[in-house]
Each structure stands twice: as structure tokens, then as C-alpha cells.
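**Q** Chains as they are written, first to last, in our numbering: chain L, 1 to 318; chain S, 1001 to 1296; chain Y, 2001 to 2508.
You may find that some hints are simply not true.
What the hints assert, rightly or not - When the alpha-carbon atoms are kept at most 25 Å apart in a straight line, the in silico DSS-like pairs for lysine-lysine are as follows:
#1 Y:K2110 with Y:K2137
#2 Y:K2382 with S:K1062
#3 Y:K2487 with Y:K2262
#4 Y:K2487 with Y:K2256
#5 S:K1160 with Y:K2110
#6 Y:K2091 with Y:K2110
To be clear, the hints were calculated from the coordinates, so they are not data collected in a lab.
Since we're looking at a predicted model, the values are computed, not measured.
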Amino acid sequence: MTRYIARRLVLTIPVLLLVSIIVFSLINLIPGDPALIMAGPEAGKEAVEALRIQMGLNRPVAVRYLIWLNHLLHGDLGKSVKDGQPVLNILLLKLPVTVELAAVAILISWLIAIPAGVLAAWRRRSVIDYAATTVALAGISIPNFWLGIMLIYFFAVNLRWLPASGYVEPWIDLSRNIKLMIMPAIVLGTALAALVMRLLRSSMLEVMGTEFIRTAHAKGLSDRLVLLKHALKNAMIPVATVMGLQLGGLLGGAVITETIFTVPGIGRLAVESILTRDYPMVQGVVLCSAVAIVFVNFSVDILYSVIDPRIRLVEDKA
Amino acid sequence: MATREERLSLAHRPTPAQTVGLRYFLHRYARNRLALVGLWIVTLVIISAALAPIIAPADPAKPDFVNLLQPPTRAHPLGTDDLGRDELSRIIYGARTSLQAGIISVGLALCVGLPLGLISGYFRGQLDNFLMRFTDALLSFPFLVLALAIAAVLGTGLGKAMIAIGIVFTPGFIRLSRAQVLSERERAYVEAARALGAADARIMLRHILPNSLSPVLVQASLSMAVAITFEATLSFLGLGTQPPTPSWGSMLNIAQAYLGTAPGLALWPGLAIFVTVLSLNLVGDGLREVLDPRLR
Amino acid sequence: MKRMFLAVALTVVLVGGLASAQTARRGGQLRAGLDADPPNLDPHQSTAAVDRQVFQSLFDKLVDLSQDLQIVPMLALSWTISSDAKTYIFKLRPNVVFHDGTPFNAEAVKFNFERMLDPTVAGFPSPRRSEVNLVQKVTVVDPLTVQIDLEKPYSPFLAALSDRAGMMVSPTAARRLGRGFSLEPVGTGPYKFVEKRPQDRVVLERFDRHWDKNAGYVDRITFRPFPDEQARVANLRSGEIDIINIVPATEVAALKTDARLKLLERGGLGYQGIYINVSAPPFNNRALRQAFNATIDRVTLARVVFGDTVTPANGPFPKGVLGYDSGPNSRIPERNLDLARAKLREAGQPNGFTFTLKTGTGRIEQQVAQVLQSMAGEAGIKINIEILEFGTLLSQLDAHRYEAGRLGWSGRPDPDGNIYGFFVTGGGLNNSAYANPQVDTLLDAARILNTADLRRRAYADVLNVLNEDLPYVFLWWPKEYKAFTPKLQGFVHNSDGMLRLRTVWLSP
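One chain only, chain L, in its complex shape:
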């Protein structure tokens, strides 16, 4: 086991290094002079030049990368060029908001996707199955920003049931927080629900066809018990293995959702820092989301190998 974890770690480190190189080179290719942007339209040439030196922009790229990496390893993600606050602090400040939004979205999507996926697999090729798969396909296809605009139009502009946008912390005003969270969470959760439902359905079908379920049937266990206790449990494994993918989708969705509903989370931070060319901030957001995904994938692989030791053996031989 330890050997397997070590092997996976060895594979992860170069990936993380490459991630950091990609993030760094990406930002350093952005057109426009960051010093000029930071100094603003009314600053004199000398102020811009001084700033350029202070930001280290006069050094070669490779040196800047190594300095940046060194700071990174010491937990220093740099400072926002916009207001000089440490990037890490801002990220930590925004994180709870996005986590709340994502948690509600995941909750909503699982509440819909799991029963729908189980039903669709159980009653394969029935009306329920076709309806569920079609709705899921629609859920994957609908552009989330359009869904958001339409929800705002119907529920905020027309019916005035819900506030159009904004955010209040739950500990300040819980009921308002919930009202504000409903629409963004639905928008963010739609694609996820569709993805989970499709995955669950196909993995349920696979599990239901395997030997041990048939054995369970033969032992006289009732349909429902088999379905829930054995099939669902095993079918959830593939759903869990693509957590990294789901996380990526959630973060991408958060970018749009938080922008439309002006929720002050990581996603809106990403868009705003991209639009205002806040280099260190963009680096911080992109890097952290990639690292989070690498970490989740890593943990899922380890967990998976605990559940199913065969994986480990196969990989060790390879």
C-alpha cells in the first residue's frame, strides 16, 4: 500500500510542477504592460518605470519563475496588483462563499440525480428511463448562463419571488441567504445532476449485470433491497472516481454562476481578475483550482485502491 501511494506521489509531483509552469507562462504572455495597468491612466512614465522594477518585470522570465516558485512553496502567492492584499488571503476570504454555493448545488443535484439514475436503470427502456435520460441530456446541453438569465427573468423580474442577485452571509441573515442561494445553486447544480445521473445509470446497469447481484437475487432478497444495498453501493464507486472531473465542472460553472448572480466567490474573482488583468490573482485562482483537482484525483485513486486492491496490483506490474 505504502509503495503504491509513493508511486502515485512520484507521478503527481511532475504534474504539479508542470501545472505551475503552465500557470506561470500563461500569465507572463498576457499582452499589455502590467505596470502600466497597475499604475493607472493618470500615472506618469517615471511612476510606471519604478513600478516595473519593483514588480521584477525587468528580470528574465526563467529567473522570475524560480523566484515565483520559491515564494509559492513558502505559501506566498504574491499580492493582488489591484489593491496590494495577499492573494492567499483573498482566496481564503472567497472560498467559503463558493464552498457554500457548491455544497448546496451538489446537494440539490444528488437529491435529483441519485433517485433518477437508480429508477432509470431499474426500469430500463421504460418511459421513466427515456424521460430521465432525455432530461439529463438537456441538462448537459443547456448553457448555464442562459439558464441563469431565464431564471432571473421569471423568478426575479416577472414574479418577484426571489432576489435577482447578491449575497449575504448565512450567519447575518439566514433566510435571505437561502433565498439568494436558490437560483445560483440550481444553475450550478444542473449540469452536475445530469452528469451524475448518466454515470450512475450506466454503472448501475453494469453492476446489475454482474454475478454477485444475480447471486443475491437467487438468495431470495427482494428487488428493492438488492437495488439499494448492493447495486447502488457498487455503482457509486465510478461516480466517486470522477470527483476530480466534477470538481472541474463545478469550478467552471461557478465562474459563470457567480458572475450572473454577483456572488462574491472564487468564480467571480477569476472573471474579474482576468478582465482587469490582475496577474497574481489570476495565477492564484487558476493554480489553486488545478491543485485542488490534482489533490482530489490523487485521494480518489488512493481510496479506490483501498476499496479495490486489484487496481494496485495491476498498476504495480505495469
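Fit chains S and Y to the supplied structure of chain L, relying on the hints for placement.
**A** Leaving out everything else, chains S and Y in the frame of chain L:
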């Protein structure tokens, strides 16, 4: 979107030698009603994009400063937009932008990803190792966030947005074609060709490539759906297509300001994206169902 | 008797009415919605316009700007200007303290000027430098008297001191924090800094030791950024915020008739239009500039894009600013396609020409560019639109790497701030690369002239030249709108668009 489960399932598909020709393929595809509907709609979108100058009732870029934000009339079946332009014509011309974005960005990813995957899987070694870590790294970024960041680097414009989207899709195609090569290169016919002294390039192009194409086709049609959504998203955020070229995404961006006065402006472009993307997904799913035996 | 009673009753009603309208109530929290997140809360580092909204409550200025754009006392109680217009002596307000307890006096004023002028004092080069770089010497005459000597006469000096350059920061805090002062700003204003959460909120709290007992009624002010204009209005409507600083044009009509909200309108100080690079083809040919200008219908542009919430413009001075009635400034030319074609023939391009218009992101920018594109197209002038992110647009305009560029100016109360740097040869904002010795002489003269009438005449001469040369095509003057809940009382709406919240109170 090279998802893990897709790669697993695709690895088990039979080689075309085992299936029985094009007619059988079409027959099987046509049995899936939804996939057929999807194919019809996609065809319709392609035709209207191609024939836009003939079909569209008006010049999509011609403003009419007297008739702003008009509701649907006989002259303007979907009304007019913020500058008095005919909304229907803009939707029709918008199909051009969307299809361009879908085809070119996925084409780009294919042109780069397929050869790299082939070479990587065929020769293995250090290059393969590096490429795999590199794709691992690229696949660790949330696709949309990466596309946004690259679009910001390259600057605004449809061409640049397509490049950004293409880059994001490339690692998926590298991984997919590599996986194909890995399973193909051990097969008897490759061994035979090698024994007969065929050159590596010939083996790759004549034998492995044709036999690897069908999963790539499925992947391409599904990626195209995502690419169209991404183009719309980038344009919606102002990082994509530039005016006065109509793009469904930038039309939605403008429409947000007129939700109270002209909600139709937000309805039509969104519906157009939705229907196009849905149809492409139906086609992709239909293809997959035919090509993947496990779903039969 | 009866009549007397009536008179008494009337008096009671009147006085009572006045009293209830004037009795400012203390307490409560005010939530203001801004158009962007204020990036930097140090007035000596700040470059974003939105920062100034927060500064109005956090800092006092040496002088302030009244509603009719006159310079009025604030931290300086009075001032005298020498006859050669080079020496200013300010008498300072006594008993003023900074939020950290540091006394405000002549030494503090001296320190503030040094911080703006000398990078070694501040630890950074201040963007304020260009506004006060004519200051040669600051002398402490006595604790409440300070003398400022200028290198040469500079009539917009006081106007500059009514903005960021006149905001006094605590020397103690500034010395201790350096650049970090922006994260813990300390001023003398009626509100002190509590916290700033990036892209979320800036919180200020009443400062009890402020010198003005008729300021700071509200206990707490929270500024929240809403970059999306629809969201800003939606949050005002739903009661999430009490006042917003920039009202989108598409919402003005609806807000005017909304009984649950109040909308105030005034002329603004700035202008919007198009920079033209006169140093490179095609626009190094003046006739082509004139041809393009003749295709523009400014009235239609204002109606189509802004629903008449802006005023068509032909010069840098909006109504209310000295110079408004100078020369062609407020004479809006009519669209003239015949003239445009004649000018094209004169330039030897009878079939028109093509140029690229660089512009910023956002709905309004796209609409403006497309309207101009369509108008010019009718004369055979083809415009390619290139949308750039704001910072990129600025740097390309600064480097003269463009043909035409859509960029305006937020405006200053003194006319010099709206014209000098833009058209003087080599000026810091002269992105057109325009050079005309006659204009230079006139602009320099207007800086020294000390009567309004003489300045107005000098500007009229400048504008007559600019109107022919067209290094910049003026298009519209934005109007200033503020929308707020009727509960908010005592707000003084000024053309500079600043949220002066020190006089504001909330009715129950």
C-alpha cells in the same frame, strides 16, 4: 471532455473489421429516434448557416435607429435588437459563428492531438512519459477557467477564442488516440505488418489510424457541443466574438440589459445554443451507442 | 383675532414642516452600491475613480467643491493668493485630529505634499505628483498657517486640492505603514476605516472626534461593489443597498417613474469621444478626419445608445464648467453626408477609406462603436471595430499604436483639467500625438489668466482650432445620476458625482 469512464468504455469497442459495413452502421444509428432527430437538426443548422445570405430576411449588421427593441412583427418575425437590427437574421448568421467555433476549435485539437497521441502511443519512451504528464497537468485545470485564461492571454476575437478552446480540448484527444494505439499495436495484423517490414509511419497511417477513428469521431462530436457552449460563454463574458459579427453568446450579453423591456432578446439566442448543443449531444450519444457494444 | 390665529397656525405648520424636514437623525447603517471594487484606499496611491467615492467619507480635503463648482473651505478655513499667483497661504482649521489621534496642522500638510512629490518619503512614486508638481516649496509659517510656493502660476491648483491631491493622510500612520497605508487608511474624515474585504465590501464607522458636529449622522457605512449594472439596480430595488453611484442608461426611465426610489440628475464634468492618431495614416490627413466627423449624428447616438441620458457634445466643457459657451464647444454640428463626401474627394479618396476603431469592453462601448460604424459606412468609410481590455486599450493609445480609439475623460471642475494635458504638445494625455504651437501658447496663457472671462476667450480660440484639426472627436457629455431610497435624506448631489455621505441621514 476525455472523461475517465469514456476512455474505459471506448477501449473495449470492436474494430471496424468486426462490424459489418456502413449500411449496418446507418441502420443501427437510425433505430435510435432521438439520435436521428439530432442529426436532422444539426443538418438544418448547417444548412441555414451555409445559406444564411439567402435565408435571412435582412442584413444582420444593418441598424435601424428608428425601430429599436421592437416586438415581433411581420417584417421582423423575432423583433429587432438594441440597434434596430433584425433579430431573426442575427440568429441565422449566429449559427455561422457557432459552427465555425465548433468545427475549427475541435479540428485544431484533432490536428494536434491525434498525431501526438499516435506517436506517443506507438513509440512510447521518454516522449510518451513527458506527454502524459503534460496532458495530466493540462487536464487538471477546470476547462472553462483554462479557456478563459488563454483567451485573456491571446486577446479578444473569434479566431483567438477558437484557438483557446482548441488548446483546452487537445489533451483529451492525445489521451484518447494514444489509448487506441496502445490496444491496436499489440494486435496480430500490426505484428504481421511489422514482420513484413512495413515502415513505422506506414503502420501508423495505414493500419492503426483508420482503426482508431471511430471513438475519435464520437469524442469529436461531443467536444463540438462543448466547444459551441464555450464560444458562447467567452463571447458572453466579452472575451470572444467581436461586433458586429453576430454571436449567440454576445447577443445574450447585450440582452441582459433589456430583460425588463425586451425579454425576447434573451430567449432566442439562448434557445438557439441549447437546441444546437442538444442535437450535437444526441448525435454523439447515438454514435457512441452504435460503436460501443456494451450499451447494446 | 381669527386672522391672527390663522397666522399662528400657519407659522406652526410651516415651522413644524421645516423642522421635520431638517432634523437630521443620528444612527443607522448606510449601504452604498459602487460600480467597482475600490482597489486602493490611499489617496496618494489611488488611480481608480471609484476609490474617490470612499475617500469622501474617510478623508477631509484642504478645500471642497460646492454644488455650483466653487471652491469652498474644508480643512483650510481661508487662503490668500499672491498677486503673481505663485504663492498660496492657507489658514488651517484648528482642533482637527486624525483617526489615530495625530493632530492635524501645518506640519501634517507639509508632510502630505512631500509624500506626493518625493518617492523616498512615501516609499513609492505617487500618481498625484503630476497634479502638484508645480509646488516648489511648502513652508510651515505657524502651526495653523502653511505657505505653498509654485514654480509658475497655475490657476487649476485649488481645484486639484478639492480632490485626491488635497486629501490629508495621517503622517504617523503613513510613516509607519508606507505602501501598506492603503490597507489601513487613516484620515480626518467623519468616518474611520473598519475593514475591507476585496470584491465584497468596505466598512467605515463614525469618527466621534470629527471637527464638524453637523457631519457623520449615520453610524456605519458599507460600500459594496456591483460591477454588473443590472445587479446594482436590482439590489437597490430589492432594498439590499440604499444608494448607487452610477445609474445605467437603460434604467433611468424606469427609475424616474419608480415611486419607491428617488433619482437625481445633474450635468457631469467629463466628456466622451474618440482619440484620433494624427501622426499616422489614414488620419494624418486632416480632410479624412473631417470627413469621418461629418458622418456622425451626435443627437441620434445619444438617443439610440443612451436613451437621451447624455448630452451631445462638441467640446471638452459640459454645462456648468467654465468654457461651456466658448466657441464651438456647445454648438453641435449636424450630420452632413455631402460634406463628408466632399472632404473624401478633397483627400483624394472619393470612394472612402478604412480605419480601425479600438474600444473597450462592455455593452455601451459595443453599441457606440456599431452606431458609428453604420453612420460612417453610409459615406463609404469602413470602420473595423477592435475590442480591447481597458488596460490594453490605454497602453496602445499611450504608445500611439492605433488609428482611432474610444476613450473619454472623467472630468475636472476646472476647465484646464479637461483640456490642457490632452492637446498641449507632448502632454501626458495627448494620445493623439497632436502638436500645434498656436494651441500650446493659448493653453499656457489660459493657465495664467485669472479672470473667468479672459480664460473663456482663450479657450474659445483653442476650440476653434481643435474643431478644424479634430485630434479628438467629442461625442457626448455624460449626465450625473444618483438613485437612492427615499429614506435617505440630506444628500448633496454634485456634478463631480461624488457620494458625499457625511451629511446624509436615514429617516426611520
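**Q** Against each hint, give a clear statement of whether it holds in the structure.
**A** Hint-by-hint comparison with the structure:
no.: 1; hint: Y:K2110 with Y:K2137; in the structure: 9 Å, holds
no.: 2; hint: Y:K2382 with S:K1062; in the structure: 13 Å, holds
no.: 3; hint: Y:K2487 with Y:K2262; in the structure: 9 Å, holds
no.: 4; hint: Y:K2487 with Y:K2256; in the structure: 17 Å, holds
no.: 5; hint: S:K1160 with Y:K2110; in the structure: 52 Å, violated
no.: 6; hint: Y:K2091 with Y:K2110; in the structure: 13 Å, holds
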